[in-house]
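K.L.:
Protein chains in written order, with our numbering: chain C, 1 to 248; chain H, 1001 to 1761.
Please note: incorrect hints may appear among the correct ones.
[What the hints assert, rightly or not] Over the 10 Å line for every Cβ pair with chain C, so calculated as not near, a few chain H residues: (1) Pro1081; (2) Ala1202; (3) Val1228; (4) Leu1346; (5) Leu1358; (6) Pro1552; (7) Ala1609.
[What the hints assert, rightly or not] Covered stretches of chain C (chain H as the covering partner; in silico rule of three or more C-beta atoms under 8 Å from a C-beta of chain H): (8) 54 to 60; (9) 106 to 113.
Treat the hints as calculated values from the structure; they're not laboratory data.
Glycine included, C-beta positions come from ideal geometry on N, C-alpha and C.
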Amino acid sequence: MSADPVVSTVNLVKIYQSGGVPVPAVRGVDLRVESGEFVAIMGPSGSGKSTLVHMLGGLDARTSGEIWLDGRRADTLGESAWALLRRQKIGFVFQFFNLIANMTVADNVELPALLAGASPREARERRERLLGALGLTGRADAAPAQLAGGEQQRVALARALANKPSLLLADEPTGNLDSRNTRDVLKLLADVHRDGQTIILVTHDARVASLADRVVSLLDGQIVDDGVVGTFRRRPKGTAGDVVELRG
Amino acid sequence: MTVSTFRASARWIRADLRARRGQAALTVLAVAGIVTALITSATLLEDGTNPWRGLFSQTRGAHVWIHTKDAPDAAALSRLPGVEQVAGPYRTAPVTLAMGGKKSPVALRETTAQPPRVAAPLVGEGRWLRTGDTAGVVVERSFAEALDLRVGGPFTVTALNGASHALVVVGLAETADQGFYPEWTPGLAWVLPQTLAGIEPALGRSESVTGLRLADGEDTLPVVHGAVTLLDEQIQRMSTWREVRASMELDNRLLGLLLALFGTAGLVAAALATANAVGGRVLTQTRDIATLKSLGYTRGQVFAVLVAEHGALGLLGIGLGTVCGLLVTTLALDGLSVLPLSPVPLLAIIAGAAAVVLVAVALPAWRGGRTPPIPAAPAAPPRGRLSRVARLALLVRLPPALVLGTRDAFTRRTPAFLSIVGLAVPMMMITIGLGCWATLDDFLRRPEQVGQAAALTVHPDGLPAEDAARLARADPDVRAVYPGSEVSALEPEQTRSVLARALGTSAEPYPFSVVEGRMFAARGEAVAGQGLLDLLGVEIGDRVRMTVGGTPLIVHIVGRVVEPDHDGQVLSLGMDSLAAKDAVPPQFYSLVLKKGADPEAVRDRLLAASGETLEVRRAVNPAERLAVIRVVIVALTVVLALLGLANLLTARSLGLRDHAFDLAVLKAMGLTPGQVAATLVTGTGLLVVLGVVAGTAAGASVVGGLIDLQGHTSGVGAGIGRTPSALTLAVTACTAIGAALLVTSVPARRAARAQVPVTAR
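Using the sequences and the hints given, assemble the complete structure.
P.N.:
Here you go:
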């Protein structure tokens, strides 16, 4: 039996009410993302791609359909249960970085670790390792406002990875960056993906999407195309090959 | 909250507090100021500053004092139900103390070298009497202070038979047997029995004083009745602990009420300011809160973090205020022996303030907890509609900056409303404070309006009364001289005596401040203070049968006067209404001076002209005793201004946050930085103007009534309240608005000049 997919949805629907008029944003999406996959969700503005990832992370409630995370049904969870689930399993990266302005870079990265129950020392060690890996060691005590956009997004990435989530959701992570910073951030995403991180990335930029293993195209809330880009390396969780590849 | 969330939340709170130190400090200070005011007021209202409470317990005082002609049967008295112990009977003789040309009546009371077990005076200076101290005397402290008597100094008394006896003060002692001198006369001094026997050998010219200590002070009335039944005719007069306590009370009650009023209104204002500040903070932090939620904070945890952060500030303020309140009551009100506030009201204040603060924090925090976790969702104000005010502004062709600012002011209805009310309440209280100030000023400037037309009272003393009147009339600065006498009047049920003051005649009455009805104009007519009207339960126009100076008289009460003395329980009538034995010769003359005359100079001239035989007293204006109220008003104004500032900062930061991203658009539309700044300032300034004007108007309309209400309940009577002058109000309002605009304009100009990044919120 193959391992459960990291995330799967069954006929997922989201309908917003706008002044009493129902506005469907997502209309019956069936999506299955395996562990270690890097999926790009593409589509024009208003195609429902952001709504879809928000629902996958529990930030937005679904109207109908099912969401399964790591083999557990999640769409029936309450707001608080979703929050607990996010702490342990989901990392978010947003277009506008969403760093907490009052907190230093270090505190921003340590916050999710502390929230998930890590000791202050453990949180610090994780933060040091992550910031080191993302080339931000010297900026730990800076305020987010002192950083350039690309640096802020790298901090946001570090924060999203602080709890080793099984799923990283990135909503237009490069939408607010120039081409150089976009390249840097994408390289980092590719790096963490190579280390086995499952990623779902929302973008409307084909060049960004080309980095993924698989591109899902949305139009008017429905999947119109789902295709593998290049060689899709399917890696079952926890095999010896995994370790070898990580070292390599 | 688990330990892990606690750690994460602590980081968040610490970072947030660090980012807004000033606002946090303001919250703490404002809450602390209000709790201080509340604790001080409760202490004052609870008689904590009334020295009676402390004195009575320290001296193991007697609840009831009975003055009889001869020594009563102490054993029988001690058998009365409720009586625990008996003090005395002590023989007491009336003597006169001559000091520096002034003669003061003294009650010389016998005592033993061994201090008694009940009602033992508390020696503060010097020592108690010793066996063989036949020339020694211990003097009651307030009496000694009034006459500047020192330990070791002379105390030369004249007995009724005219013989003079030189005694020496060996100690000063405090007692709860009677009130303080000069509110309570005669002064009290203790000597050994053999000394008293030497000064006043005639038993018939002395009286006997017996104190009863009761098991429960609340049982005073039955014991008094029991004693009256037992001793009947022998009793000359009685006094109870309630009268002593009331006489020691001074004006703490008024001050306490004022503080309570300010404190309670301040607490409401603080609740508004806190709710507004937390609400504003939640709105400005919507994105951060959403981010926290996306990181895995639950709704309850967000609520808990917000309540913990803002509630902790409030609780810190309460803690600080409690310490300050206890310090203020012990330090600032020194000179009075203060007992700290008893635990029940103290806890009630702390718990009440904490509850108010927590509710004020919890409501917006709950809203914060419901923030949707999608950080990108903008918390934009409702748009697309011009408020009515803005439309009005457009109609009258105001400059665009003003119109846009007016529109901005009301984009968020609830915070706008909270800001207005949050500014109006402190402003109203400040106006009320100014009204109290104006009333005090009015007392001083026009003493005749509080019934103190006469600045000086002349007691003929050694001179014949006519000579005293002639001397007074001869002084160039004296405008009028009114003969006066004070006798006691018994009210119809004959249970309590009040003061009947005859001053002037029906034809030429003293210029009392008649606020209702009219001045007495015929024999048998009288005017009364509010306290007396309330005591007798009569109205103007009623006729009351009273015993005035021992003579039955049907008094026709024709008016009400402002009466600052004796809780307003004073009957004022013409000399011609008194029986001849009381009216001739007059006991004293009241001197109304010409405008601008210096009472001290007139006093000195009169003393010189009479060869120091006259006794000339200056009237004490109630405002002089109430001077401490001014300090309180200033302190409270500062606290209230802090609250207003806190509200203003909230309104400002909210305005900046809501509109910061419009700035680029405004600039693109061609507004100059100056106009952009004006837009921002107008947005906040309009709320300020509305709040200040509403608060000032509300304060000005209620202050006169409030002071009159207080006057009514304290017996002085309505008719003293003054509204601050229009100029004062205008200056205050303009100062408030000006300061507010200044506070707003600095960040507005900075924001207008800053490069605004065109990004989402």
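K.L.:
Beyond 10 Å from every Cβ of chain C: is that where the Cβ of Ala1202(H) lies?
P.N.:
88 Å, holds
K.L.:
Does the claim that Pro1081(H) lies outside the interface with chain C hold up, using a Cβ gap greater than 10 Å?
P.N.:
67 Å, holds
K.L.:
Can we confirm that no CB of chain C comes within 10 Å of the CB of Leu1358(H)?
P.N.:
Given a closest Cβ separation of 22 Å, the condition holds.
K.L.:
Against chain C, does Pro1552(H) keep a CB gap of more than 10 Å to every residue?
P.N.:
83 Å, holds
K.L.:
Going by Cβ atoms, does Leu1346(H) stay more than 10 Å from chain C at every point?
P.N.:
Answer for Leu1346(H): holds, closest chain C Cβ roughly 37 Å.
K.L.:
Is it the case that Val1228(H) keeps its Cβ farther than 10 Å from each residue Cβ in chain C?
P.N.:
74 Å, holds
K.L.:
Compute the least Cβ-Cβ separation between Ala1609(H) and chain C, then decide whether it is above 10 Å.
P.N.:
79 Å, holds
K.L.:
Count the residues of the region 54 to 60 of chain C with a beta-carbon closer than 8 Å to any beta-carbon of chain H: does the count reach three?
P.N.:
holds (count 5)
K.L.:
Establish whether the coverage given for the region 106 to 113 of chain C by chain H is satisfied; the threshold is a Cβ-Cβ distance below 8 Å, and no fewer than three residues must meet it.
P.N.:
Result for this restraint: holds, n = 4.
In summary, the structure agrees with every hint in the numbered list given earlier.
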